[in-house]
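> Build the full structure now, drawing on both the sequences and the hints.
4 protein chains.
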Amino acid sequence: MEKIKVGVLGATGSVGQRFIQLLENHPYFTVTHLAASEKSAGQTYGEVMKSRWKISSDIPAYAKDIIITLPNPEVTKGVQLVFSGLDASIAGEVETAYAEAGVMVLSNSKNHRMVPNVPILSAEVNAHHLDVLQAQKTKGKIITNSNCTIMGVTISLKPLMDAFGLKSVMLFSMQAISGAGYPGVPTMDILGNVVPYIGGEEDKAEVEPQKCLGTVEAGIIKPAGFKISAHCNRVPVFDGHTVCVSVSFDKKPKKEEILKVWADFQGEPQKLGLPFAPNQAILYREENDRPQPRLDLETGRGMTTVVGRLREDPILDWKWVVLSHNTIRGAAGAAILNAELLYKKGFFN
Amino acid sequence: MEKIKVGVLGATGSVGQRFIQLLENHPYFTVTHLAASEKSAGQTYGEVMKSRWKISSDIPAYAKDIIITLPNPEVTKGVQLVFSGLDASIAGEVETAYAEAGVMVLSNSKNHRMVPNVPILSAEVNAHHLDVLQAQKTKGKIITNSNCTIMGVTISLKPLMDAFGLKSVMLFSMQAISGAGYPGVPTMDILGNVVPYIGGEEDKAEVEPQKCLGTVEAGIIKPAGFKISAHCNRVPVFDGHTVCVSVSFDKKPKKEEILKVWADFQGEPQKLGLPFAPNQAILYREENDRPQPRLDLETGRGMTTVVGRLREDPILDWKWVVLSHNTIRGAAGAAILNAELLYKKGFFN
Amino acid sequence: MEKIKVGVLGATGSVGQRFIQLLENHPYFTVTHLAASEKSAGQTYGEVMKSRWKISSDIPAYAKDIIITLPNPEVTKGVQLVFSGLDASIAGEVETAYAEAGVMVLSNSKNHRMVPNVPILSAEVNAHHLDVLQAQKTKGKIITNSNCTIMGVTISLKPLMDAFGLKSVMLFSMQAISGAGYPGVPTMDILGNVVPYIGGEEDKAEVEPQKCLGTVEAGIIKPAGFKISAHCNRVPVFDGHTVCVSVSFDKKPKKEEILKVWADFQGEPQKLGLPFAPNQAILYREENDRPQPRLDLETGRGMTTVVGRLREDPILDWKWVVLSHNTIRGAAGAAILNAELLYKKGFFN
Amino acid sequence: MEKIKVGVLGATGSVGQRFIQLLENHPYFTVTHLAASEKSAGQTYGEVMKSRWKISSDIPAYAKDIIITLPNPEVTKGVQLVFSGLDASIAGEVETAYAEAGVMVLSNSKNHRMVPNVPILSAEVNAHHLDVLQAQKTKGKIITNSNCTIMGVTISLKPLMDAFGLKSVMLFSMQAISGAGYPGVPTMDILGNVVPYIGGEEDKAEVEPQKCLGTVEAGIIKPAGFKISAHCNRVPVFDGHTVCVSVSFDKKPKKEEILKVWADFQGEPQKLGLPFAPNQAILYREENDRPQPRLDLETGRGMTTVVGRLREDPILDWKWVVLSHNTIRGAAGAAILNAELLYKKGFFN
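Protein chains in written order, with the UniProt record's numbering: chain A, 1 to 349; chain B, 1 to 349; chain C, 1 to 349; chain D, 1 to 349.
Don't read these hints as lab results, they were simulated from the structure.
It cannot be assumed that every hint is accurate.
Identical chains blur together in the list; that is why a pair holds if it fits in one copy or across any two.
[Unchecked claim] Cut-off 30 angstroms, straight-line C-alpha distance, at most; resulting in silico cross-link-like pairs (BS3-like, lysine-lysine): (1) LYS227 to LYS254; (2) LYS227 to LYS204; (3) LYS64 to LYS260; (4) LYS227 to LYS255.
Next comes the structure, spelled out in structure tokens:
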């Protein structure tokens, strides 16, 4: 089987670097196209990134000699899919251009997320949302990731919603600095400090989960009807968003029912055996001080949602803590898993 | 006017050090008695603390030559009041012994907090709870501080409860490491990490506010009836507990009503002009990324509760962020303010 | 006595903010002129800084209503002195323009530091370097601060050089992130990390001390002849540069001789009783784990050089540790002390 | 080939945990014996470590069911080698007891390091020091690791010493908190701080390198004669000791000569193809801000010494920066590499 040629847009940024790291030796995909801004275009990825690579492993050898271009679907030569880590300021237009040129676009930006026929795809949660793609008029299709903050939360909610119905979700996040990219958060703002505000984050956290957990009706996605309130905070953690949630259900389950639902949960990625699928989509830890970024972030190579501290909530029904890796599960890894799902579903024949 | 002689129990610990720092040159009180464990007893405070003083200013000169004793009310020679920073493992018994010997005890420990005729005194919030002291059978009386986490929260709630009635309070804390004392939190557990658990903290946070905001009936304190749910987290911040709260009221106020209530709030300490009273008990900051420990902790010399980000909550009514200084407002400073209230109310005549 | 009118150039930056904070209620100087870039010019300092003030105390009331201008000596109306926190990219030209207009310039930038008739003034160390000012042809004179890293080091060396002669100085710094200004160091680069490189820093550290400790000959400053080697490192500390030094002398002193020289050291600021002069220019701490930024930074309101761990060096003669506050002693505070020295020496009659 | 049965002494501590992690699936060794203190003895490793395991990966399955015993060579049943992560307070006696019982002891403690017929073995540096083992009178032999701080330094010095001769080495360390074990450094001491002192560390750093780089004469190790001065500092880094060094040689080499010597360096582990040997013992990075713990720590799975910033020193000859992983290269990994060397050299036939 020949591998599918893919590109990475925004290849020099934080999310782009993760894509390039994670796609090394991928069984389905081979990276042949790297796009970035004028500052880098025309040079090899190796040259450009010599002092800008921020992941604690070397630049993969395969990427070093690729010559960076401007984002431009006409230069892609056989690329069928692009992973986009573009900034929201340009992602909207560029991603549309690639889709019009017939390329599948897997986007990490917010620009198209709330378009009714663009899925916020989370492969374990809503693989059936792929049904709306045919309603997109472009030859290539745009598929988005959710905001990194709610990624683990929606995964932990999905099987509970199916089993017990969701009424209300309060969420309080403690988000890693890598979520702001590079240079991102100035050290003077966060060293030994917390900042109880992340621009635009609560707005996204209060609408994306309902769409992600919504239903497909008449070719578009209809958001689920539960209520959400979000408090988003920045903390001095490198990678890993920790979220405390309090939830009320249509029918309040027992503790063991929740634990069983989580333990049994298998999404499409697990059923299809996708390469980036963690064995367990959701891992519940029994220790009373877990999950923690330092100890649990690498679970399932950063793709497992780690949950802990399930206990009754005196106001809503239950409360717990969710951890997910914001640049893997919440960004590059999730998009790759989505692309694997497309591959297995026959989108590249 | 002669100053009242006071003591500090647990003088070598974190809270004890704060007492000794803050009581330097106090207009009402003079420290003459320092008590600690056998390891330190018999030596001067200066000797013992040479390498154990953890506050970024020198040991006050007045304290250096005081000889530390074991906690023992019989050696106190005229001490009318003790500030106790004792550990919960011994605070119960020792504080009771002082009270029996006729000494007023201002405790930072949890041991007596939930006894119905022991106030959890927060001078701006519930000065009238002093009425229950007469029901204590000992000659000296025991008065406690609330847990540091809920201190700022209850202050921000007090005038709102009076004006609009409280139904439910969800709180989510990001707590400083100094709250765990010294040596306290190992660096390996918290550097670049958050820990979503603090032993016993949520239990305290879910019962103390109702007592603190309760009424005096038949000589004992009757807790207020609103519901609380707490998520308590440790973050790598030195001093300052930041708490996100979502609240529902009996009668939902408008935003400007809440802001006016906070701006107008004056507790007994402000009315009486107590030395440790901040000019403003509650300061609301308009910037969208405040309060933050680094920038707002010293407001009112660490005694002001700083509030920000008031916005509507999609599930409950309103949400906001509260910051208070955990070792000043949440511990030593609050106890000194309480003692000043006692002084002005004539408890030392 | 009427106060001298002064200005702050680069008033919105990190060093500018420190000047504005420290100059509140200064006995000799009153700030009437604030200059910054086009982005801020024309607005009041209070408006502009609402979300940019990064010091943990409020913007001083006096500064809030001053309207920021572009740096321009013609608009200064009676300003006799400017404190410059300008970036090196523009400091050279702008500072010269002010000097030509007759204004004394106290600069924190490197631009003029190595000009032979421009002193790198450190008031305790080389007050006699003011003698070279007459050789500057402009009506106003330019006086620079040393680089913040070497500030404390040169103070600790000065009395030892006078007493024993200096041969070689190895220095190894652990520098705070505030030294890079704002936004400065990205959190992704330094959280839980150290970076063994600061651009241009070692070059400055290996030439400025010799000039600072040099002699005045024929109207210019002749650098001292000892050798220096510097290793400069960035560490995740907010304020405070810690420097380990190993030193060899012309005549190796005994430990008690060094301690005595430090204890006895009085510079011009101490002799003249300047307002910003710390009582002790150099404080030696006996504890074996000091100085530390967290515990010792505020010594002498950030103006004292704190020294510790004096011990023999197996290669050179002696080694010790020096701490100084990089944005106070190493920048704004030092420049104010220098200005006070000018004032007392009659430069503003 | 049957695997050699080995034990881990101090199995519950920081170094012990690393041994257990790193020995999973080792090709030569199989862990059958875990020893710890009375608190843990009699329980399975899985039970005991449930909330004490501090490495960000799960406890290896093989270790979970092993029942911990007290350290006692009589219960070892066929164990031929023990890796000791025991604390210095008991390591001396216990390690001797194992050696007397015929077990090879690979120690991380300082207790036996300076005994003339006990090698401080660093497999790339001094494999020939194994010759002194026959002079130990016990049936089993004791072999120590060097202190973690000097591990990378001695590796970077070894080939240079052979080529150019060493005269003097100044070293300045910035050491990770994991070096102090668990609970180790209190957060209050190091968050946003540096501590310019680590008890006993400079003493070790000033004598162990000479022994490690020494020669074997008359059956004992004769230390090399160069001079060392060490400044040891603790910084808020999790893993990874960064050391700045300035060095003078008998014959000053050119820059390219040094780089060539490092690039060509192959120790016994590389020549023998030992499983834990990194491909490159020493990696020189060209970027001017490297090595850094965050980016370079995992080089060669934590076994490579990463070097950078080679430049001339104005006092001695050359200076550079060395990074090595303190709990892998500087402790558990180094001891395993040493054990592999013993295995290949036929010590277990």
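> Hint by hint, say whether it matches the structure.
We went through each hint and held it up to the structure:
Taking the shortest Cα distances, LYS227 and LYS254 sit within 30 angstroms of each other both inside one copy (22 angstroms) and across copies (21 angstroms). When the C-alpha separation of LYS227 and LYS204 is checked against a cutoff of 30 angstroms, the pair qualifies both within a copy, at 13 angstroms, and between copies, at 28 angstroms. Taking the shortest Cα distances, LYS64 and LYS260 sit within 30 angstroms of each other only across copies (24 angstroms), while inside one copy they are farther apart (46 angstroms). For the identical chains of this complex, LYS227 and LYS255 are neighbours both inside a copy (22 angstroms) and across copies (21 angstroms), given an alpha-carbon limit of 30 angstroms.
This entry satisfies every hint, going by the numbered hints stated previously.
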